Every structure is written in C-alpha cells, then in structure tokens.
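Here is how the chains run, residue by residue.
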Amino acid sequence: MVSINYAFKEIISKIVYYGPGLSGKTTNLQYVFKEIPSETRGELISLATDADRTLYFDFLPVNVGTIQGFATKFQLYTVPGQVYYNATRKLVLRGVDGLVFVADSQRAKMEENLESLQNLKDNLEEYGYDISQIPMIVQFNKRDLPDIASIEELQRILNPNNIPYCEAVAATGEGVFKTLKTICKMVLDQVKAKKMEPPRQVKPQPVEVGIPVGVGVAAPARPVERPAAPAAPVFNGINAAATEVPTLSVSSADRIGTRDLEPAVISDIPANVVVSDAHDERKAYREEIPERESSDEPIEKAVLKGDSTDTAMKDKYDVGHLPITQDYSEPDHRAHNRASTFASSQDYGYNISDDEPTHVPDISLKGNLPLRKPQMAESRKVKGKKRKFTFFGLFK
Amino acid sequence: MSREQQVLYEDQIQQIDQALTRIIKEAEAKCALLVDKDGHLVTRQGFTHTLDTTALAALLAGSFASTKEIARLVGEPEFSVLFHQGKKDHIHISLIGERTILVVIFDDRTTIGMVRLYAKEIGETLKNIVENAGEHRQDGLELGKEFSESAEAKLDDIFQDKF
Numbered sequence: 001m002v003s004i005n006y007a008f009k010e011i012i013s014k015i016v017y018y019g020p021g022l023s024g025k026t027t028n029l030q031y032v033f034k035e036i037p038s039e040t041r042g043e044l045i046s047l048a049t050d051a052d053r054t055l056y057f058d059f060l061p062v063n064v065g066t067i068q069g070f071a072t073k074f075q076l077y078t079v080p081g082q083v084y085y086n087a088t089r090k091l092v093l094r095g096v097d098g099l100v101f102v103a104d105s106q107r108a109k110m111e112e113n114l115e116s117l118q119n120l121k122d123n124l125e126e127y128g129y130d131i132s133q134i135p136m137i138v139q140f141n142k143r144d145l146p147d148i149a150s151i152e153e154l155q156r157i158l159n160p161n162n163i164p165y166c167e168a169v170a171a172t173g174e175g176v177f178k179t180l181k182t183i184c185k186m187v188l189d190q191v192k193a194k195k196m197e198p199p200r201q202v203k204p205q206p207v208e209v210g211i212p213v214g215v216g217v218a219a220p221a222r223p224v225e226r227p228a229a230p231a232a233p234v235f236n237g238i239n240a241a242a243t244e245v246p247t248l249s250v251s252s253a254d255r256i257g258t259r260d261l262e263p264a265v266i267s268d269i270p271a272n273v274v275v276s277d278a279h280d281e282r283k284a285y286r287e288e289i290p291e292r293e294s295s296d297e298p299i300e301k302a303v304l305k306g307d308s309t310d311t312a313m314k315d316k317y318d319v320g321h322l323p324i325t326q327d328y329s330e331p332d333h334r335a336h337n338r339a340s341t342f343a344s345s346q347d348y349g350y351n352i353s354d355d356e357p358t359h360v361p362d363i364s365l366k367g368n369l370p371l372r373k374p375q376m377a378e379s380r381k382v383k384g385k386k387r388k389f390t391f392f393g394l395f396k
Numbered sequence: 001m002s003r004e005q006q007v008l009y010e011d012q013i014q015q016i017d018q019a020l021t022r023i024i025k026e027a028e029a030k031c032a033l034l035v036d037k038d039g040h041l042v043t044r045q046g047f048t049h050t051l052d053t054t055a056l057a058a059l060l061a062g063s064f065a066s067t068k069e070i071a072r073l074v075g076e077p078e079f080s081v082l083f084h085q086g087k088k089d090h091i092h093i094s095l096i097g098e099r100t101i102l103v104v105i106f107d108d109r110t111t112i113g114m115v116r117l118y119a120k121e122i123g124e125t126l127k128n129i130v131e132n133a134g135e136h137r138q139d140g141l142e143l144g145k146e147f148s149e150s151a152e153a154k155l156d157d158i159f160q161d162k163f
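If you read the sequences in order, they're chains A and B. Mapping to the working numbering: the first sequence position 2 is 2, numbers consecutive. Mapping to the working numbering: the second sequence position 106 is 106, numbers consecutive.
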C-alpha cells in the first residue's frame, strides 16, 4: 500500500521480487545495492540461512529523489523461494504495490516457475488482491545458461496475458536496472492522491475478515463478495470517502479485522507477551522467593545471592527501585555506570540532569503492596544452640 | 491492496509526535517510533540518530507479522504486545489500532512496567489520532503526468544501465 506522508513529504511504495527458489531474486537486489549510488539507497538487510538461502526476506530501501517536492522511495523486498517457506512469503506480500516475478529460464525449472506463479496468485487472493490489478513485470532470468527456453515459449507458458517482461542475467546485472526502472514507473503511474471527502459513518459489524478496497479513479470493476462492512480502518484516506467502500472477505484465517482485544493491551497475563530474554537469572530469582518463604532451610542460603546487610537486601527487593535487568550477581553501582551506546538524556530533547536522582513514581498495578516489616522468627535449637533468624518480608 | 493509499497529514503527524514525546518523557525511554504494519515508518521521536529507522521499521513489521502468524497457529487472535529484552536496551512493541505498531526503545533508566503503563495510556490517544485520520480534509497532492515524467527522468538517472 503506497504511503504518502505529507508531514515528511515522502511517498513510499513496496516492490516485491517473487519467484521460485534460486531464480535470482536476491541476486537482483544485491546488484542494485552494489551499483546504485550509496546516497540513494540504504543498507541491504538479508535474513538468510547459513547457506545463503533467503529465510524471511531481503530488504533494500531506495530513494530515487525528490519529485514535485516529495521524496520518492521504494522498498524492495525479496521472498524466500523455497516451497517450504510459504507462510513467510505471504507475510512479505502484505501491502505490495508492485511485483517482479523472477523466472528461471532453464527448461528444467519450468514446472517450478509455474508452481511459484500459482502460489503468488493464491497468496494474493488470501489478502483479497487481484494479481491483474497490481503492477507487475516478469523477468526471464539466467538467459546466459545453456538449455534455456525461448522467449516465445516462456511467454506462452508463464505470461499468457502478455504483461511487460524483461530478459536478464542477474549475475552480471544485465536487465536488472531495466526491470527495476519499468516496475518503478508502473507503480508511480498508479500513485494518485485523492481529495478527502466526508467520512461515511460505518457501523462496525462483525465480519470474518474485511480488507477495504480503495475506490480510486481507475477502480476496477470486479465481482466481489459484499459482506457487512467493518469499521473504517485507520490511516486510509480513501476509505474516508463518502462512497460506499466494498470489502472483500477472504477465507484466510488471517483475522485482520476481527480482533476483540484492545490495542496495546497491557495485560498481566504473560501469555500476551512474547519475551526474547537475554537473561535467565531473573527468572530463577523469581522462582526462589516462594521457596524461601516456606522452606525450613537456613536463611543464609537465600542471602548468598547478594550483600548480606539488611539494607542491601531491602534495596534489592524493593520493587519500586527494581530495574528490569538488574543482575543480582553484580553490585548496584556497576549497573548504573554501565556504558551505553546512547548519549546522555539531554540528547532526547529534554533536560534531565544525570546528577538528579531518577524519580520513579509509585505505580501500583495491583494495589497497595506493603512490604512486610522484618520479623524475628522463632529461635530454634540447633545442636543445643539457639539461633535467631530474621525474615525479610516481601510484598504479598 | 495495490489501489490503497495511506495518506498522512502534517497536523496528524504533529499530534502523533506530541504523543510520542510524552511517552519518552513520562516513561524515560530513549526513543519511540510509529510503524505501519507494512513496514513504513510513520514518524519517530527521541534519540534515533544512531538507528537505521528505515530498516528497523521493516524488520519490526516483519517480526510483528511473524509473531501474528505464530499466534494464529497456537490459537491466539494476536499477540498485541511484544517485548524484547536485551543486555542494555530493550524494545517494547504494541499494536495501535489495526494498522500501526508503537515501538518504544528504552534502557535500564526505566522499567518495563513504566513503559507498558504509558504505552497503554498514550496508545489510546494514538489510536484516536489515527482513527480520526479520515476526517481530515486537505487538498490532496495531484500526481499527474508531470509527476510520471519527472519520475522517469530520475529513474533513468539513478538506474543507469551499463548494458
């Protein structure tokens, strides 16, 4: 979906290179990355396996410059070509504005080409996209190899609708720029901003999946199902038009519009949070607390983790000053003096002196959590000697 | 959908920027970004000079899409909040409305609880801003023939074929 940002004065479009495995999609991007001026492109991000097979996607942002005051940018993506990665291919296709189908010209790969093309159509249909309405170009790659099919044969089999095509040898770069230029022009030809009209009041109705279709000047007339319209999605200026917005229901389980959960739910339920945890010590610490309360073990075992003084223990267990990644194996002062790649807080745009103590307001998500006062445990006889234990109460 | 366009106007971005700045101040975070689910960076605030925010936006959107699929496979409608804990810096990602993702990067100066609290609170404000986007009316950018011709010249200039 083309993004037009008036604040930043930029237009961003997404172009996806699709095709069977080892057809040359990543090679296309690598050539573009290598050859275009560095000021016009960003870094090439490749999420790949150890064997250099695309695992998730390759990503290359390209800025073609300012046109009519708007920075025009293209985000080039490739998908993993192997059949195994269909789920991730679908994710990359979301919001696509232009497609480059990279076909392997070798005769032996014809079936894979066809399978990939059909897979592309199926994945687009799951999003409610019509492949015939998306700017697309076919690149017949590997024209330098032996035993390749002729262009006529490839056109007949892979491109019966005669959409624009281009011959290429991505390994040397031949045809790569021509393909990219063509698809960029096709995408930009379709970029039209619409004047805003009063938004239509749509009563939110439960639907299985609803993906609004922008009603543009050249909106295609195609048979679509018309289920009850969902609430107008955000950010879609076209959808605010007074004209009725048809929606497409898709059979996919991709429930884009059926969430019952509130956005940005801050839930105490751990199941809603996926944590990529770099520390395991914290977990062990949390598990240790109930054991310590109920066990008959001497208190010295729980104290061993940190300082043995009462004050230090209380500071460690004081929830109000408990930073998230506190490593209890290291003294507190080292944690605060840890160098950060970021500069001081003044770089954030507001003045907070580093000398000032960080004020952490009292936040009580569960209500009052009073700390239990240290209580003297009953002394007990151990081998004829009395011992006194001090329990440090924790929050309930 | 190839025909859809996401149009953002300056006053919306200003409101969003104000909300993001508030998150950074209240939660003492390093920076905050608003990212579209398609991987476009909507806006950012805070200390982002050392970050490749374009790539970050694309990767975060991909990550969110990936976990959404995981959620579907395990029977959850969606994971609305993601949290990545690092050694020094951490990332809190939450869904705003249907189409945007709020990303807050913070370090040990604050706590996850603070970030979650303000992300939720200000997330509601952001949701209202983006949902009311359709009510804004401004003269749209007319991209006519001149745009295509100018674009063609630019593309020819950048993608100079040696062959």
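The hints are simulated quantities; they were obtained by calculation from the structure and are not laboratory data. Remember, predicted model here, so these are calculated numbers, not experimental data. Cβ atoms here follow ideal geometry from the backbone N, Cα and C, with glycine treated the same way. Worth double-checking, as some hints may not be accurate.
Unchecked claim - For the chain B half of the interface with chain A, some residues (derived, Cβ under 10 Å), not all of them: (1) TYR9; (2) ASP17; (3) LYS37; (4) ALA65.
Against the structure, the hints:
Checking B/TYR9 against chain A: minimum C-beta separation of about 5 Å stays under 10 Å; hint holds. For B/ASP17, the shortest C-beta to C-beta distance to chain A is roughly 8 Å, which falls under 10 Å, so the interface hint holds. Nearest Cβ of chain A to the Cβ of B/LYS37: about 7 Å, under the 10 Å cut. The hint holds. Here the hint on B/ALA65 is kept, as its CB sits about 4 Å from the closest CB of chain A, short of 10 Å.
Of the numbered hints listed earlier, not one is contradicted by the structure.
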